[in-house]
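S.K.: Okay, here's what each chain looks like letter by letter:
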Amino acid sequence: MKFTLSWLKEHLDTNATLAEVRDALTMLGLEVEGIANPAETLKGFVVGYVVEAVQHPNADRLRVCKVDTGAGVVQVVCGAPNARTGMKGVFAPPGSYIPGTDMHLKVGKIRGEESNGMLCSMRELELSDDHDGIIDLPAETKTGIPAAEALGLDDPVIEIKVTPNRGDCLGVHGIARDLAAAGLGTLKPVKAERIKGTYPSPIKWTHGYEARPDSPCPIVVGRHFRGVKNGPSPEWLQRRLKSIGLRPISTLVDITNLVTFDLNRPLHVFDAAKLSGDLVMRQARDGEKILALDGKTYELDPSISVIADAKAAHGIGGVMGGEETGVQPETTEVFLEVAYFTPIKVAATGRKLGILSDARYRFERGLDPQSVQWGTDVATRLILDLCGGEASEITSSGVMPDWEKSFTLRADRVKTLTAIDVPAKDTADILTKLGFTVAGSGPWTAAVPSWRPDIVGEADLVEEVTRVAGFDRIPTTSLPRLSATSKPARDALQRRVPQARRALAQRGMNEVVTWSFLPFKKAERFGGGGADVRLLNSIDATLDTMRPSILPNLIDAAARNEARGLSDPALFEVGPQYKDATPTGQARVAAGLRHNMAIPRNWEGPARTVDAFDAKADAMAVLAAIGAPVENMSAQSGAPDWYHPGRSGVIKLGDRVMANFGELHPELSAAADLKGPVSAFEVFLDAPPPPKAKATKARSKLVLSAFQPVERDFAFLVDAAVEAEKLVRAARNSDKTLIAGARVFDVYAGKGVPEGKKSLAIAVTLQPVERTLTDAEIEAVCNKIVAAVTKATNAVLRG
Amino acid sequence: MDDLSTIRSEALDAVGKAADLAALDAVRVAALGKKGSVTGLMKTLGGMAPDQRREFGAQVNQLKGEIEAALDARKTTLGSAALAAKLVSEKIDVSLPTRPDFGQAGHGTLHPIGQVMDEVAAIFGEMGFTWAEGPDIEDDWHNFSALNIPPDHPARQMQDTFYLPSRADGTPMVLRTHTSPVQARTMLNKDVQKMLAYGGALRIIVPGRTFRIDNDATHTPMFHQVEGLVIDRTTHMGHLKGCLVDFCRAFFEVDDLPLRFRPSYFPFTEPSAEVDIGCSWKGGELKIGAGDSWLEILGSGMVHPNVIANCGLDPAVYQGFAFGMGVDRIAMLKYGIPDLRNFFDSDLRWLRHYGFSTLESVR
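One line per chain: the protein sequences are A and B, in this order. Residue numbering for the first sequence is 1 to 799, as defined by this note's numbering. Residue numbering for the second sequence is 1001 to 1363, as defined by this note's numbering.
If you are wondering where the hints come from, they were derived from the structure by calculation, not from laboratory data. Any given hint might turn out to be false.
[To be verified] Quick look at which bits of chain B chain A covers, simulated, 3 or more residues with Cβ under 8 Å:
#, stretch
1, 1114–1121
2, 1208–1217
[What the hints assert, rightly or not] Sample of chain B residues at the chain A side, in silico, Cβ under 8 Å:
#, residue
3, Ala1081
4, Ala1084
5, Ala1085
6, Val1088
7, His1111
8, Thr1130
9, Ile1205
10, Glu1270
11, Arg1352
12, Tyr1354
13, Gly1355
Fair warning: this is a prediction, and the values are worked out from it, not measured in the lab. Glycine residues also receive a C-beta, built at the ideal position from the N, C-alpha and C atoms.
Isolated chain A (complex conformation) (with noise of 0.2 Å):
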């Protein structure tokens, strides 16, 4: 909402200065976007008198002027074809900045004449599009005068972000308002009597529908005008409405503008001479058109109000009016139109049909109903003063919405909410003020004036007398603390995030937040894209699906990043992935990738690239970090279809999934480019059992045996599709007492070993706990292990 200075005090009686009302405004709740002050553009620009324009001796198209500026006469070379003695312009000294043309002037001969200045155009000046030639003033114009002043511009704009509960400052006398009740000055009433028609509407309003309170168009009035003049409107209402960056179109157009500006009371006027017949608030037609005003045609439907006669509708309802019938600069006979509509049908009329209005943005955020009666009364001595003529009775239809309603404020409420001590007589004023009809001394009553269909409970007395009184009055009082130490914010299963991520990164890895939402055709491929989880309103086809996994998105910025020529990317995500729609369809996981080298070429040791085993690693460590029991995990196959069907797994505890690692499915990284290798996890950060409650923090105690711990060897030769892991629990479990650990060393398979087997070597540790171990006892542990092997898994230890 943009207004002047100057335009403000037409309803605010005031001495205060610009800066002032800019900050009471923002304290207000008004928030200044900004003020432009053409004054501060033009400054050092002044009126010049031209004593003297005589022809350049160089330059044919160039005069050399001598001008007046008030301070002295200078010298000046103008190329403008209408420079001539004795006029008046626009004078630049030396040192202005001109916009037009992106310059700071400066002292110089042109063609061997010094130029002390310029004399400026519309253009330069960025006024208008005008360079036909210099700015011409009016003889009368007081040389020397600042050239804003002369132009009329010396009058700053100020925009402001009104707040969508405050339709009421949609127009310049609400924001005065507002100002008056936080003492920067005084209301001004608006003027608006009623003026008695001299004839009957030929024109008269009637209803479709019902028409009441809570109709989409309660009310509307109107009036007939005879013998108006059109034509451009006076020079004060064209600088207005252009101050604000309207353009004026003709005397009744502008009056319409200037009230829906002015007083926040759009209003539309006929060519009553294209009307026939009556006109009626009703219902459009199921494929009824409409050319309106933007020179748009729009097709209508029985959700819309339309204002029509008897031939076709005219206007659509609070959003815009009709081209035909229009007024033009010729016409004579003037039917004025104003109604009130319901803010949610306007606002969803306006939706549907994508019109963007000063009309619809202000019924929308709700009009005052009475404004129909003084709206009525505001535009007619307008008209009548602007355009002459007669006016006609008023024609209306329809009833008042119901908007008289009452709220008890309680003393003590301002007090115990906002912390401020506001005396009662001060509540009381500062809600008089802005047009409550207060009762009592605290509790008060307050009667809601009828432009403020906001204001529905005590709380929004309480905002509006706090902010009236000012939000810097309220106390900064920190909070009071529940408990001398402070616990952690997060509990043991939220903080599992940001271990998760802090292990990623300590093992080298990058950390992203990527979208929530992918492709549909990616989802599908994860396992995901079920129909409760597809966006009915998405940006575009690439994000139109709730991700079933994490690992989509990695890849393609695994991509990218490859496409940068960025290699080896190693990138993990710790965020939601989503089943389906529900709230326990979304997980949190923890998911990583890496791509091509693990170790890159270096001068020390060979290269190597990922595997199943880096992500393995990484699962491993992100379980390890979030507390989970990794020693009661185990590996084994089983992955989903995303990753290499032979070189992927799954980490379970008991039955339950933990995490999925693996190769990326070759057919994926080709898919996305990747050449080499591609390692991936995802981690179920929810998966592991919680922590128990009352889980005490002591360890188990340290048991430290005196006696060395003893080594041994054994190479079991064993089917190919046996899991290394079943064999060393195996061995482990074979004797609980001495064995103290055990892992493979070894692996191979290929010559000296038959086809379809594998040797698998393990190292074995035996701990003593209560003397050193004889030879036997260590020999018939050996055996107990390889016996347990054995039958676990028809090993057969190498010779």
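Here the structure of chain A is known, so what remains is to put chain B in place on it, guided by the hints.
M.R.: Okay, now just chain B, sitting in the frame of chain A:
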């Protein structure tokens, strides 16, 4: 006698001149070996009278001791020189790069969003807040209606919402447009209501992903918010001010950071305030702190009585405040990250430059 002193001086001279351990050993053999000069003197003892033998024997023994000591000393000297020479020959090129650790460990980075979330959690944790979460896919009751945004309310136009197919019971489903639905989910929780009934205080922060249909230079369809909610019987707007002043000063690490609270409008708070922090622009660069300019940073207000009532609490008994801020935005401001869109682009150069080490403190 002359023999003795000649042998001494020759032997000691030879010890001093021995250039390495082999030469020194030759000196030892020449003096103390089977055919050595000192050994030769020993052999003459047998033919001497007992008195002379005693005297001369003592002198030869002393000489032997002297030479042995000189040999030992020289051996130590030559030995450390040899070691030193050997160590020098083992020199490596220390300018070579270190062994490439697996996956360039130590080069991993944390994303600024996570870092800022951790910082926010730490600061509010100290103020007694706990972390609450809710689903990204919400029903429109929690996202709108519970928060005093009825259907057709103009506020719903402020947020262009992603919709998903309605639930079987007809409930429209959306991607949450703000983290505020978790306010409702928390207040509706029976345990929370019981805690409040016993005079407790609810203080939560709600970080998370939020979604709006917006995709341009300064908007992304997904972004992150942190919501805050305090509900009890006495918390007033002064506490709102205090809490946010304390947070902003701690977060931006500016002790005297000025804050400005301006009236605004949100359907779920009343009175509502937008909060600006002081800043200045010097040469196009933003400096956060007391200055000549203000920067809008978050929205806040006293929880609307309708919201409290919608969540099953009595607005005549309970009151409190709520606030919400953009995590991405405060990350950009604090860490001078210019472009929002890069947050979600996964460009390794950006991640390495703006990312954080795992050892970076969060508080």
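S.K.: Which hints from the list above does the structure break, by number from lowest to highest?
M.R.: 3, 4, 5, 6, 12
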